[in-house]
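So that you can map any letter, position 21 of the sequence shown is 663 in my numbering, and since no number is skipped, the others follow by simple counting.
Watch out, some of these pointers could steer you wrong.
Unchecked claim - Estimated spans, in silico, between C-beta atoms of each pair: (1) 658 x 707: 26 to 32 Å; (2) 707 x 652: 18 to 24 Å; (3) 658 x 714: 25 to 31 Å; (4) 721 x 658: 23 to 29 Å; (5) 724 x 686: 16 to 22 Å; (6) 657 x 723: 16 to 22 Å; (7) 674 x 654: 27 to 33 Å; (8) 724 x 681: 25 to 31 Å.
Hints are computed from structural coordinates only; laboratory data are not their basis. Idealized CB from N, CA, C, for every residue including glycine.
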Amino acid sequence: RILLEDARFDVNHQDHRGRTPIHLAAAQGHEEMVRLLLEDQRVDFNILDHQRKSPLQLAALAGHEEIVRIFLEQDGVDLYTKPN
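Whenever a hint applies, use it, and build me the whole structure from the sequences.
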């Protein structure tokens, strides 16, 4: 939460696999963190990692149904990106 309050913090920073904080939270099933990140308008929840997977796709692949529902409730969610 503290980092999100710092305007200098890049909420969409990608690691060596192209994953952002929301990718990691979604893939690991951290529902509260996903919700917190989605409150920040700077977060790009459609951003793709280096395997062309979105946070939504990672949550679905890991079986995190509630996180999938959270993403599906977001305006502008991209349902049509195909992973590699």
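Results for each hint:
no., hint, in the structure
1, 658 x 707: 26 to 32 Å, "holds, 29 Å"
2, 707 x 652: 18 to 24 Å, "violated, 29 Å"
3, 658 x 714: 25 to 31 Å, "holds, 29 Å"
4, 721 x 658: 23 to 29 Å, "holds, 27 Å"
5, 724 x 686: 16 to 22 Å, "holds, 18 Å"
6, 657 x 723: 16 to 22 Å, "holds, 19 Å"
7, 674 x 654: 27 to 33 Å, "violated, 20 Å"
8, 724 x 681: 25 to 31 Å, "holds, 28 Å"
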